[in-house]
Structure formats: C-alpha cells, structure tokens
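**Student:** Just so you know, the protein sequences line up as chains A and B, in that order.
Quick note: the first sequence, position 174, residue 174 per the working numbering, numbers continuous.
Every position in the second sequence, counted from 1, becomes a number in the working numbering once 433 is added.
I should point out that these hints are in silico values taken from the structure, not numbers from a laboratory.
Fair warning: this is a prediction, and the values are worked out from it, not measured in the lab.
The beta-carbon is built from N, C-alpha and C at its ideal position, and this holds for glycine as well.
One should not assume that every hint holds.
[Stated by the list, open to error] Think about it this way: if two alpha-carbon atoms lie no more than 35 Å apart in a straight line, the pair counts; the simulated DSBU-like pairs of lysine-lysine are:
1. A/17 - A/195
2. A/101 - B/578
3. B/578 - A/246
4. B/477 - B/557
5. B/716 - A/101
6. B/716 - A/17
7. B/677 - A/130
[Claimed, not checked] Covered by chain B, per the in silico footprint, the following chain A stretches (three or more residues, Cβ under 8 Å):
8. 18-28
9. 57-66
10. 312-319
11. 386-396
[To be verified] In silico negatives: residues of chain A with every beta carbon more than 12 Å from chain B:
12. 84
13. 90
14. 94
15. 97
16. 244
17. 271
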Amino acid sequence: MFFRIILESVVRNPRRKILASAVLILASAVAAAALTVALDEGTRLAQQFESFGANIEVTPQADTVPLEIGGLDTRPVTQGAYLKQANLGRLKRIFWRNNIKGFAPYLEVPVTIEGSSGPVATTLVGSWYKHAVPVAGQPAFVTGLEATSPWWRVKGNWFAGGAGRGTERGTEQCMVGRDLAHRLGIRPGQEITIKAGGETKSLLVTGVVTTGGSEDRALVGPLSLAQQLANRPGEYRRLEVTAVTKPEDAFGRQDPHTMTHAEYDRWYCSAYPSSIATQIQQVLPGSSARVVQRVAASEGQILGRVSALFWLITLGAMAAATLAIAAMAAASVIERRGEVALMKALGATSGLLASFFLAEQMAVAVLGGAVGFGLGTLLARGLGRLVFGVASSPQPLLLPIVLAIAAVVVAAGSLVPLRRMMRLDPAPILRGE
Amino acid sequence: MFWRVLERELRASRARLALALLVVLSGSAVVSAMLNLQLDIDGKLARMFRVFGANVVVTPAAGAGSLAVMDEAVWNRIAASRDPQIVGAAPYLYAVARIPSGSMDAIVAGTDLARARSLDSWWKINGNWPNAAGQALVGSRLARKLDLAPKSRFRVQYGGRSEDLVVAGLLTAGGHEDNQIFVNLRDAQQLAGLPRQISLVQISVAGSGHEIQTEISRLAVVLGGVSVRPIPEFTTGEAQLAEKIRSLVGATVGLILALTVLGVLASMAALATERRHDVGVMKAIGGPAPRIVRLFLAEVGLLAVGGALGGCALGFPISSWISQRAFGTSAGAEWQVVPLVAALMFGAALAGALPLRLLGRVRPAIILRGEGWSR
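With the sequences and hints as input, model every part of the structure.
**Tutor:** Right under this line is the structure:
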C-alpha cells in the first residue's frame, strides 16, 4: 500500500515532477562536474607547466664553473667534465619514469663562421630535436628540444640528423639564431662554412630560430655535429629535463639529509622536483642534478593558489546546488497541501504522512542524483577536453557523495514545510480557504 | 488600491514569500560572488604569475655582443616609472673576474640587491642578504668549488683592479645564478671600471599576452636605442596557463549561474501556482485580468530586485574572502555585477511566473470550484 501510493503519485502526476526533477538533476550534475574538475585540475594544470621548460638541470659533478653570460657556455671544449650520452636511457627506468616528459642534452662548441666580411666568433649549440633514445627492455623514447623547449619558433625547418651517430651522408644541417642571422644576413637554404679547432665544415641552414634566450646569438645543430666538432663522441655537458612534478609543499622543501627513515621513504616516493632530481643523479654516474627553482618553486605557489581558488568555487557550486535542491523540495511539499489535508482528514498520523512524503522525495532524490551524476561526469569530460584537450577521468567515488548530498538536502528542505503542514487544521484547507 | 492589495498579498503569504526571498537572496549571493570573482580574474592571474619574476629583458641594441653595456640612465627611467604594469625590475652588470684563491674565473653580477630579491622570489639563501657595500651573495655551486661559507672573505680581480668581498649568504636557484657572484651594482661598476654602465635590465610585467606585448613596444619607444624583448618561455607559458584557468573558472561559474537561475525559477513557479486561487477570486469579483497580472508581477519584481540587492551585499564579502584565500589580495567590488544580478533574478522570477500569463484566459468558476487549471 505504502509503495503503491508513492508509485502512483510519481506515475500519475508526471508534470508536477518535471521541474522538480530537472532542478535536482541539474544540481547534482553541477555538483558532480565541479567536484570532478576540482579533483582532476591539479594534475592537469601541473602538466601545463611543461611549457615553462625544464625544471631539472643536470651537469657533471666534477665540472669547472661555466662562464655563462646570458646563458651561453663560453668555455673551450678542453676544459671541464662531460657526461655519457649512452646512459640517458636510464632516465626512463627510474621510479618516476612516467613523470619524465622529455629531456635534451646540450653540448656547446665555440666556432667561427666564415662570413663575407671576415670570421665571426659564435657558439654552436648541439642538441636533439626528436631523438629516439634506446631504453632497456622498453620501446625507444623519442625526445629532444621539441619536448623541453616548446616555445622556440623556427622560420624554415628544424635541423635533421638527430638520428644518432653522425654518419649521415650529405651536408650536415643547422639552424641560425635570429640575431646572428640578422647580423650576417643568413637565410634558410643557404650554406655556411664554420671552423672549429682546425676543422672546417660546410653546413646547410634549414631555419632561423627565435628563442628569446642566448640561442638567438648562436647556431643550433644536431648533438652529433657538436660532438664531432668538439671531438667528444657520445658526450654532452648539460642535460635539461622536463618532469611533471608534485608542487613543492612544506614537506617537499625539507632537506632530505635531515629526514627520518620513514620521512625519507615518503619523500623519495613523492614526485617532488627534488626527489626526481635525486633519482636522476643516482642513475647518471658522475652527474649533479639540480632543481630549477624559478620553475619549480613558482609552480608550487601557483598551483597552490589555483587549487584553493577551484575548491572555493566548487564550494560555491555546492552552495548553489544545495540551494536549488532545498528550494525545489520545499516548493514541492507546499504544492501538495491539499493532499496532506485529505490524508490527515482520512486519519493518517503525522508520522505516516511524513514518511510518505519523505520516501517519495527520497526516490526522486536518488533517481535525480544518479542521472545528474552521469550528466555531470559527461559535463566534466567535455570541460576537460575543451580546456586541456584531454577528457577528465570519471570519479566513481563521487557518486555516493552526490547521492548523499541530494538525499540529505532534499530531506532537510522538505522537513521544515512538512512540519508546518502537520500542524495545520485540515478542514480550512479542504474547504479551499 | 493597487499598493494596498499588493501589501495585503505580501502579508498574507508570508511563509511562501520568506522562502522565495531566501532563495533569491542566497542565489544572488552565490552568483554575485562568482561573477565578481570572474570579472577580475584576469588581473588576479596576471599578478599571480609574477612569482615567476622577470618576463621582459632590456639589453643594449640588438646585434651587439653579449658583453655590451648601456648607460645606467635606462635603468633610472625604468625605476622611476610609476607604470602599474611594471611589478618589479632589477639592473645587472656582468663582468668575468679572476678569483685568485681558486685560480679560476667567475662571473660577477652587480645588481640592486633589494630589487633583485623581490623580483626573484624563488632564490633560496643560506645566510643573509648583503646589506652593505663589499658584501656578496655567492652561488652555491661556485661556493663549493671555492670552499666558501657565509662570513668568509675572498678577493676578485678584474683588469688591474681588485676588490675584497665578504660572503653574506649562499644562493641556490638551480640555474646559472648558482655559478655567479652577486654584489652591489656600484661595487661591480667600480671593479669592471665601467662607471654608470649596465649590461641589462630585467623587468616583471603584469598583464595578458597582448598587454605585455603592448608594454614592450611602449618601453622600446620610451627608452629608445635599446632592445626590449620578452622571455618567451614565460610570456607564452603564462598566457597559455592563464587561458586554461580562466576558461575553467568561467565554465564553472556559468554552470553555477544556470543552476541558481533554475532554482529561483522553480520556487517562483511554486509561488505562482499558489496564487492562482487569488486570481480566480479577483477575477470573479470583476478585477480586470491585466491588472491582476500586473499585481503579481509587481510582487515578483519587488522580491527579485530586493533579494538581488541583499544578495550582492552578501556576495561581495564572500568573493573578497575567496580572493583573499586564493590570491592573498581582496577583490574590489565590480559594481556592474549588481544590475546584472538584479536583471538575472528578475528574469528568472518572471520566467518562473510565466504560467500566470495564462491567467488572462482563466475561467474563475473552474478555479473556484477547485478543479485546478482549465483544461
């Protein structure tokens, strides 16, 4: 009987339920979508920080102090220490290998360009554009400047010949920095002659590169070319690594040397920039890996703030959802004064009446909440794809939370008007007063 | 007569009106808080990204070598500028100096240390900031090579000149700064024999990608004869990130807006249903239909506008609090939000009351008999 009355009320009066269900579904959808986005946004935004370039820099431990002015290493190739290119595949075998999004080794060689108006001293920056790095037991990892320096703009083409051993046939290729090209009037497609350590080479200019950094005044070419010119086969001097990291918090900023054993384990197994740097240093013999604080520390601050902003906005969304559901619940109870009066006149106790209404509202709440959750998950997916180009992953754990919120709010919203109604005298209502 | 009836109406259904007012009020509070936040988000994000420090660099005219210098007047003009978009700036003079104790060369960077400190907020210092001439901040990697610690002394030589420096603190930044020695600009100029000369100026410019570009062009014209350039990894990176955050906030705020409007609409619809009985009575005793509808509209309008104003009064402190928590600065009140929210609430209320428009066609007898809407 109890359930039949509820069922009849829902089935026989669908129009009355349409607006109420719409409100409930939309409210649950908004709550679910906001929560899904808020849960997901941290990792998604952290990935966006790749565009700020490398956050870990690796140099040889035994290196001399580089004399970098405006970022170009001006040391002769005979000075300082080098690292082995062959070990780079190990970066994709550390604990946080999936967080390593890219790396690029650098070798800078002082060269002179034979210009029409005499020789011009500059630097050849050797690196990779897209290079397949062999990884033991896994498919090769393709990485290079494309991954670590996404803001570089090339007029013309990138140099080819990152493929490895420096045995490509034909002319070797390079790009010219914007300022240098401007000064010497070099255009893509032209051939230039460079000299380094007694060796003369003819290079095909494939493009003019604008980086906003020191490379604007230099030549950029394949690592193999720089190694050949420096007579340092298979070696590099500096490595830039872009890793997706957990923003540094108070714990992440602690000195790992002063940590207890348990703390150290926790630190090591968190994707802090400092712990990833330590792991890189461990797999590259003779290296010293440092966190680029400008990117890492700022990332921590920005992500912290944006995350706070999102949670507060999510709070706003929850408030709006709560409000809409409560208003709907109260309105739908008030609407049915007549029914209440009739049931009361027929002898229903207040308790029975209340349970009728509450059960009915609950049924609507759970159904609406579930549909709303599905809708909200779709909404969050669309939002994720729109903003980040990657759909947000659904969070099934949110379903019970959304349902509970819907049920509790509906109950709370219905109870106040219900209690008022219980106290009403049915006679005037039935008479239509 | 109109106002008396209106007043009676309002009094008679206090409970329902209180509910509707509560809904409009809290709905407006949420919506106005979110809109207020959303309208100012660009400025807030731009300020926030300044933790990255400099994104524009001024150097001697393009084409000169990496050791070229320019007159200090360039820096003085930037430092004296009251441009609100320039959040921070610092001059630098670089010189490759000899360090006899380590028998090696190192780069000495002269700067305005107080300015550099606020510009490069990520610098980690072990020890103290230099606060007098002759004190230096030494990069941590260089310090390890030279075996220097805070308070130790060392000598730098350049050309025929030499200078004795005291280590105030060790600097860890993870970049090329770790290999450099930072001293007062005057000390560096004296050492390098380049009085009143600087190598470059780093500037932190707040704004969207477009605004930064405009500021760069403006600076290039104002300063004249120097090269003003963005640091693209930060300017483009910031613009991309700001765009993502903005669209995410915008979408969420849009959802909240739609939801609140629907909530208000639902409670107004309930109110309108309530009123149909009154309308029947008024019509039966000869009230003209348009007037009846006007009466109800006045009621709804009063409710919506009053609720919206009250809601905004609540919403502004909320958005200010959110802004304080998230960005550390309070949000100013964007007054255009108030009419916007009022219009939104009024629209939602009207839409909710839409069924009443059918009242013109209502046949009072049917309603008074209690048979509901005419079918």
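**Student:** Hint by hint, note whether the structure agrees.
**Tutor:** Going down the list of hints, with the structure as the test:
1. A/17 - A/195: Distance of about 83 Å is beyond 35 Å: violated.
2. A/101 - B/578: The given pair, whose Cα atoms are some 32 Å apart, holds under the 35 Å limit.
3. B/578 - A/246: 31 Å, holds
4. B/477 - B/557: 26 Å, holds
5. B/716 - A/101: 74 Å, violated
6. B/716 - A/17: 29 Å, holds
7. B/677 - A/130: Given that 35 Å is the threshold and the Cα spacing comes to 27 Å, the pair holds.
8. 18-28: The restraint on the region 18-28 of chain A holds, since 6 of its residues have a Cβ under 8 Å from chain B and three suffice.
9. 57-66: holds (count 4)
10. 312-319: holds (count 6)
11. 386-396: holds (count 3)
12. 84: Holds, because the least Cβ-Cβ distance between residue 84 of chain A and chain B comes to about 21 Å, which exceeds 12 Å.
13. 90: 22 Å, holds
14. 94: 19 Å, holds
15. 97: Correct as stated: the minimum Cβ-Cβ distance to chain B is 21 Å, above 12 Å.
16. 244: Per Cβ check, residue 244 of chain A is outside 12 Å of chain B; nearest 14 Å; holds.
17. 271: 17 Å, holds
In summary, the structure is inconsistent with hints 1 and 5 from the numbered list given earlier, while agreeing with the others.
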